[in-house]
Each structure stands twice: as structure tokens, then as C-alpha cells.
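Using the sequences and the hints given, assemble the complete structure.
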Amino acid sequence: MPEDRSYKAEKVIERLGKKLNRQVVGSLAACVHCGMCTDSCHYVLANPGDPTFAPAWKADRLRKLFKRHYDWTGRVFPWWVGAKSVYTDKDLEELKDIVFGKCTNCRRCSINCPMGVDFATFNRMARGLLVSVGVMPEGVAVVSKDQWEIGNQMGVLREDYLDTIEWMEETIQDELDNPKAVIPIDKPNTDVVYTINPREVKYDPRTISDAAKIFHMAGENWTMPSEGWDMTNFGLFSGDDDLGGSVASRVYDKMHELKGKKIVISECGHGYRSTRCEGQNWAGMDVDFEMESSVITMRDYIKEGRIQVDKSKNTDKYTYHDSCNFARSCGLFEEPRELLNLVTDDFSEMYPNRSENYCCTGGGGAMSMSEYAPDRLKSAKIKADQLKATGANVVVTSCHNCVDGLADLIKHYKLDMKVTQLVNLVANALVIPEEAEVAVKEPDEVETLKGLFAGKKIMVVDDEPDLRVFYGSVLEDNGAEVIEAADGDEAIGLAMAELPDLITLDLSMPGKDGGKVFEALRKNDATASIPVCIITGRPELRSLIYDRPVPAPEGYLDKPVSEETLIRNVRKIFEVGRAMEKQPV
Amino acid sequence: MEKEKVINNVHVRVEVTDITDLEIEAFVYYARSDLKLDAGYGNAITTRGGMSIRKELEKIGNLAPNASLITDAGQLKAKYIIHANGPKFQEQDIPLKLKTTMLGILATAKKAGITRLAFPAMGCGYYGIPVPQSAQIMLEAIEEFTSETNELEEIVLCMLDLRQQGAFLPVFNDFKVGVLS
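Protein sequences appear in the order of chains L and V. Heads up, the first sequence is in the working numbering, so the first residue is 1 and it goes up one at a time. Heads up, the second sequence is in the working numbering, so the first residue is 1 and it goes up one at a time.
What the hints contain is simulated information worked out from the structure, not anything from laboratory work. Watch out, some of these pointers could steer you wrong.
[Stated by the list, open to error] Below 25 Å or equal to it, Euclidean Cα-Cα: the simulated PhoX-like pairs (lysine-lysine) are:
| no. | chain 1 | residue 1 | chain 2 | residue 2 |
| --- | --- | --- | --- | --- |
| 1 | V | Lys88 | L | Lys90 |
| 2 | V | Lys79 | L | Lys559 |
| 3 | L | Lys456 | L | Lys523 |
| 4 | L | Lys572 | V | Lys77 |
| 5 | V | Lys5 | V | Lys36 |
[To be verified] Across the chosen pairs, the derived CB separations fall in these ranges:
| no. | chain 1 | residue 1 | chain 2 | residue 2 | range |
| --- | --- | --- | --- | --- | --- |
| 6 | L | Lys457 | V | Asp174 | 24 to 32 Å |
| 7 | V | Thr115 | L | Lys418 | 54 to 62 Å |
| 8 | V | Asp174 | L | Glu292 | 15 to 23 Å |
| 9 | L | Arg548 | V | Asp174 | 40 to 48 Å |
| 10 | V | Thr115 | L | Leu499 | 38 to 46 Å |
| 11 | V | Asn62 | L | Gly284 | 34 to 42 Å |
[Stated by the list, open to error] Which stretches of chain L does chain V cover? Using the computed rule of at least three CB atoms under 8 Å from a CB of chain V, they are:
| no. | stretch |
| --- | --- |
| 12 | 131–145 |
| 13 | 540–548 |
Computed from a predicted structure; not experimentally measured. Where is the CB? At the ideal position from N, CA and C, for every residue including glycine.
What follows is the structure, encoded as C-alpha cells:
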């Protein structure tokens with residue numbers, strides 16, 4: 001390593017060589033500095049006197065590195081071709097401010113370059129190089145770590161996600177006055193698996209209940225996954241292909257587990273691009289299911305007569321903002337307009353539009369980088385002028401990121417406008433048939449009054465008398481009728497005779513072990529569908545269960561099990577079963 | 001592929017699970033030098049475990065590189081958290097630093113009398129250490145440490161997802177106990 005170069009700088013240069021492919025090299029080599037890109041960039045248009053925002057100038061900060069280290073001209077005539085290296089950590093920080101702070105990777109310059117230079121592609125690559133040595137804005141670090149470790153980019157914990165879904169289920173049941181309107185979780189073999197943006201859980205759950213209402217009214221056989229539900233992917237913004245692969249594979253793996261037919265992706269530009277278009281490459285996976293934007297799903301429901309809408313319910317004056325990733329990168333611009341015209345009467349275009357539309361200025365992860373907010377909001381003047389010229393009072397967009405970006409600039413420039421999404425407009429326009437408004441008595445409500453597990457017969461199988469008493473009393477306190485078995489043979493006999501609603505099963509028991517009992521129960525038609533929750537103090541015996549040629553148990557707990565854990569897991573098993581029974585097929 | 005094996009009488013198993021929600025005696029959190037519980041698992045620890053953990057860390061202040069320390073786990077299912085300041089991103093001498101960190105964690109656990117311990121794939125994911133490299137070093141450290149002490153009964157190696165597990169398991173399966181040089 002040269003003495004005058006920092007370790008991080010050396011690593012960035014080293015990794016650059018591994019990232020070069022035909023597309024990147026083509027873009028790095030082809031620029032003729034014609035200036036066409038400058039007129040297409042909202043940063044330049046809002047900062048006409050500052051050349052450092054020009055895409056060609058920004059590109060040259062990366063190009064000089066390529067020339068210096070990977071192009072023979074730069075090695076022989078560095079002074080002639082502008083080849084230059086990075087040496088210090090401060091150089092990397094300066095590069096960070098350019099690639100994260102002066103570009104939203106919107107790709108408007110890319111489609112306007114006569115030489116085909118895709119600046120956004122190698123800007124993303126440069127972000128990835130810096131992230132790999134830990135140089136990134138704090139906001140990027142936070143979101144990336146959340147998505148790596150919690151599985152979604154807002155760090156929504158599993159229990160909070162499930163609680164929100166439950167809350168939204170209650171909301172639509174109230175609104176439709178119909179307890180049969182449910183949001184199934186992890187239902188296998190559905191036609192639609194609905195994936196969302198964590199922003200919906202955290203800040204905008206109305207979009208979840210609106211979508212659920214639409215699926216319900218369409219009679220869709222659908223579910224939401226308990227894991228792998230985040231279709232957004234911060235790897236697209238941070239340039240970290242490994243994160244991109246991890247996030248995408250969680251969605252695809254869950255889809256394989258559920259054996260769904262189609263992923264429907266809620267309205268999110270970068271989520272659609274990442275899950276539908278880029279994720280398979282990052283994850284290195286082939287997928288055998290369809291993927292579709294919810295915009296297309298909703299449009300088809302209306303066109304096929306699966307839902308009825310009354311456009312007169314949407315009374316505002318609307319315009320439509322094309323998300324960069326949705327329109328420019330994925331070509332979805334006619335479908336949202338078609339849907340918008342089906343649910344509204346007063347729609348006006350903004351100009352320019354479709355693939356030439358300007359960025360909401362919150363793209364590329366910009367909303368998470370507060371240090372660059374002043375530049376972002378200054379550049380948003382272009383978007384604000386565009387919005388104002390439409391005369392609309394509501395801007396519709398099919399992207400959660402754009403919702404935030406637009407809302408921020410609307411507030412900053414004091415525009416008299418609101419932002420909404422197509423799912424909100426479709427749900428608002430829904431015509432609810434009379435029969436769906438008839439309240440149906442929900443037996444669960446009565447059961448809740450008597451106890452969480454009222455009316456349920458639960459068999460507790462364990463050779464430890466103390467544990468049988470503990471589990472039994474916890475379950476009985478919550479309304480269950482409890483029967484007990486102390487060994488494997490007794491368990492099988494009692495299960496056949498009593499047909500309980502659920503069995504808690506120990507693995508290590510004298511005589512017939514839990515694995516054999518489990519297999520015998522699953523292979524018997526009378527007991528095959530009884531949910532089983534394994535409770536074991538011998539985790540090394542898991543293979544007794546999971547290596548058997550029968551469906552896996554519905555629950556698995558390691559001892560010691562607290563009262564709270566037991567109740568939560570038994571309740572969850574019943575809830576999943578109930579949701580599956582209720583789902584209209 | 002096998003997901004369980006015995007190393008010096010310690011049951012070691014690989015599992016895809018949220019380490020902060022695991023019923024275990026103690027788990028390892030890949031900490032920062034300033035001991036701030038930041039995003040990801042740090043946020044999960046604060047949310048699920050309560051503010052007492054954060055306050056305990058604030059009193060301590062800092063943690064030296066490759067060192068570890070133990071705190072209570074508040075209202076989490078685990079009793080303790082071992083905070084370990086391992087190597088990050090592409091810093092120099094990762095194998096040596098990670099091995100030092102692992103041995104430090106195991107010593108901390110031993111001192112606290114912990115018998116059931118969970119690790120994440122150390123330094124993988126956000127911090128970018130390649131999974132196979134981390135897996136090899138983790139297993140070597142576990143074998144080395146437990147050859148001298150048998151107090152640990154169970155180690156759970158917690159994977160973020162199936163993809164990470166898919167990269168970890170080949171090393172786990174190929175790891176032969178008793179052939180350390």
C-alpha cells in the first residue's frame with residue numbers, strides 16, 4: 001500500500017476494479033462533455049451558477065479515479081486526461097457529499113444523454129464503494145442497519161407489524177360493518193401475496209386498510225406475509241448489492257414458503273424497481289411466480305368488474321406525479337393514468353411528464369439524509385413550479401418516497417396542495433354492495449368476553465407433572481378446557497378420543513418420544529389437522545420433528561416457556577387458523 | 001445440511017431467528033465503540049428491553065476495540081447482553097481482531113457463569129465481513145475456548161435470513177472438530 005494513501009482509500013480503489021462492467025465502463029468512457037445533461041438535472045436548474053451540480057462535473061469526480069487506476073491513458077498521460085486518485089479519508093468524505101448529496105439517482109440525465117452515459121448507475125456504484133468502507137451519511141447508515149437486521153428499512157419489529165395489521169383489520173371490519181373482512185397473515189397457496197413499504201406501517205396505515213378493503217371487495221384470495229413483507233430495498237439507494245440481495249431474497253424466500261402465485265407490490269417506485277426488476281440479480285435467484293404493481297391489480301379489478309367504483313366520490317382537481325423509478329426506470333406511466341381516469345373526473349397532466357418528469361427531490365434515499373436537506377429543498381423549486389402550474393389541489397403519485405418528498409416541498413413552498421395515492425382514491429370510490437354492510441355476528445367477540453381460549457379444548461403432553469400443571473393452569477385461566485397426557489401412547493389415544501383443538505407436545509418423553517407421537521398424529525386422518533405446538537427443553541432434538549415426512553408443526557417453543565410466551569403463541573396459532581377459515585376462496 | 005453439531009460437549013446449532021427476541025441466557029450484540037444502541041438490533045434491544053439497558057451503557061461510556069462487556073437485558077427474553085466491539089467494514093486485520101473479539105466474548109460469558117449463549121454472524125450484514133470468513137473464525141474460537149472449559153452447554157448461531165444461513169452452513173458443515181492447528 002502506498003504510504004501516502006489511507007487504508008480506506010486503498011480499499012475503495014481496489015473494489016472499484018471489481019465493480020467495472022461493460023455498462024459502467026461505457027458510461028465512464030463515453031462522455032464528450034456536451035452539456036446536454038445539465039439542462040435535465042433539477043439540481044442544476046435550481047442552481048444555475050454552480051457547476052458542481054452538473055452531472056458531467058459530478059461524473060468527472062469518479063471518472064478521474066477510473067482513468068488513473070483502470071484506463072491506460074490515465075496511467076500514461078494522467079495530466080492530459082484528468083486522471084487523479086483519492087488519498088485521504090477527507091477525499092472520501094468529499095466524494096460522499098457529491099454522490100449522496102448532489103444527486104437523487106433519478107436518471108433524468110441518463111435518458112437525455114446522446115452518448116448513452118448512465119450517470120445514475122455509476123453514481124450508485126460509487127455510493128456502494130464508500131458504504132463498503134463505512135463512509136456514508138448517518139441516515140443511510142441507520143436505514144441500512146435497520147433493513148439488514150430487522151428486515152425492513154424502518155426497523156418495524158415483527159410484533160408492531162402484526163399489531164398494525166390487526167388494527168387495520170378491525171378498521172375495515174368497522175367501516176364495512178362486516179367481521180368477515182379479514183387481513184390473512186401467512187395463508188398458503190393464495191393468488192396474491194401483498195407486500196408493502198414499512199412507511200405504511202409506521203406513518204400511513206390507511207394505505208394498508210384501503211388495500212385490504214379493495215382485496216376484500218374483489219373477493220381476492222390473498223394474504224400478507226409475516227416476514228419478508230418489505231418490498232422496498234435500500235440497497236438500491238446505498239449501492240450495497242449485498243443488502244439488495246438480502247432484502248430481495250427475504251421477499252422471494254417467503255413467497256416460496258407460502259407457495260403464492262403472485263406478489264402484488266404496493267405503490268412504491270423504488271420498491272417496485274427493486275423487487276420486480278433488480279432484486280433477482282442482486283439475490284442471484286430465479287423466481288417462478290409473477291410480480292405486479294398494485295396499480296395494475298386495482299385497474300384490472302375495475303375493468304373486470306370485480307369491484308365497482310363511483311368516481312363522483314373523488315371531488316378534487318387532480319394531477320399525477322410520475323415516480324422516477326416507476327416511470328423512467330420501469331416504464332409504468334400509462335397504467336396509473338388509466339386507473340386515475342377510472343376513479344376521478346378531473347385530472348390534468350403536469351408538464352413535463354411520464355419519463356421526462358422531474359424528480360420529487362426526495363428520491364435516492366435523499367429523505368433520510370438530513371444534512372443535505374437545504375440543497376434538496378432548494379432544488380425542489382423546479383418541482384414546486386411544476387406542481388403550481390397544474391392548478392390542481394391534489395397531486396397523486398404511486399410512490400411512498402414521492403409522497404414524503406412532495407409533502408415536504410409543498411410545505412416548504414407553501415403550496416395549497418395535498419398528496420395522495422391511487423389506493424386511497426380507489427378505496428374512497430368503492431361502491432359497497434348492501435349485503436356487505438350486513439353485520440354478521442362474530443363468535444370471537446363472545447369468546448373474548450369468556451376468555452381468550454374459551455370453547456377450545458387443548459391437550460397438554462409432557463412427562464413432567466409440574467409443567468403439565470403450569471401449562472394447564474395458564475390455558476385454563478384463559479378459558480380453555482385442558483386435558484393432559486404424560487407419555488406418548490397416552491397422548492395418541494387421548495387425541496383420537498377427544499380430538500382437541502390444539503396440542504402442546506414435549507419431545508423428550510419415556511416410551512414413544514414426541515417425534516413419533518407427532519408423526520402418528522399427522523398421519524392419522526382424524527388428528528392430522530390438529531395444530532401442534534412443540535415445547536421442548538432439548539433443542540438438539542428438533543430433527544425428531546423437522547426431518548419427518550409430514551407437515552411441520554404450527555408452533556415451536558424452547559423451554560423454559562413463560563406464561564406470556566405460551567399465551568401469545570397459542571393465540572397466534574388459533575388466529576392464523578381462524579383467518580384461513582374465514583378467507584373467501 | 002446439518003444445522004447442529006457438538007463441539008467439546010457444547011451443543012452448537014444454526015438457526016434463522018431474531019437474536020433480540022430469543023429465549024436464551026445471553027446474546028451478543030455487535031457494539032460500537034461509543035456503546036450507543038443504534039439502529040437495527042440496537043433499536044430492537046431498546047424497544048423490547050426498555051431504557052434500563054441504554055442507561056447502563058451510558059454509565060459505562062465506551063468500549064475498546066475487540067473488547068466486550070456484559071449488561072442486564074432489561075425486559076428482553078434473555079437475561080444478559082454481551083456487547084462486543086468487533087471489527088467493522090473492511091478494516092485491517094479482520095481475522096485477528098474477530099478472533100480476539102470472539103475469545104473475549106466467551107471469557108466474559110464464562111466469568112458471568114453463562115451456559116446458554118447466542119451469537120449473530122459476527123460482523124456480517126451491515127458491517128460487511130464475508131459470511132464464510134466470519135463463520136470459520138467463529139467456529140475456531142468456539143472450539144479453542146471450549147477445549148479448556150466445559151461450562152457452556154448450548155450456543156445458538158443466529159442468522160439474519162435464509163441467504164445468510166445458506167452462506168454459513170457450508171463452513172459449519174465442513175468444520176471438523178479437533179483439527180485446529
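To see whether the hints hold, each was checked on the structure:
no. : hint                            : result
1   : V:Lys88 - L:Lys90               : holds, 19 Å
2   : V:Lys79 - L:Lys559              : holds, 14 Å
3   : L:Lys456 - L:Lys523             : holds, 23 Å
4   : L:Lys572 - V:Lys77              : holds, 18 Å
5   : V:Lys5 - V:Lys36                : violated, 34 Å
6   : L:Lys457 - V:Asp174: 24 to 32 Å : violated, 48 Å
7   : V:Thr115 - L:Lys418: 54 to 62 Å : holds, 58 Å
8   : V:Asp174 - L:Glu292: 15 to 23 Å : violated, 41 Å
9   : L:Arg548 - V:Asp174: 40 to 48 Å : violated, 27 Å
10  : V:Thr115 - L:Leu499: 38 to 46 Å : holds, 40 Å
11  : V:Asn62 - L:Gly284: 34 to 42 Å  : holds, 40 Å
12  : 131–145                         : holds (count 8)
13  : 540–548                         : holds (count 3)
Going through the hint list in order, the structure does not satisfy hints 5, 6, 8, 9.
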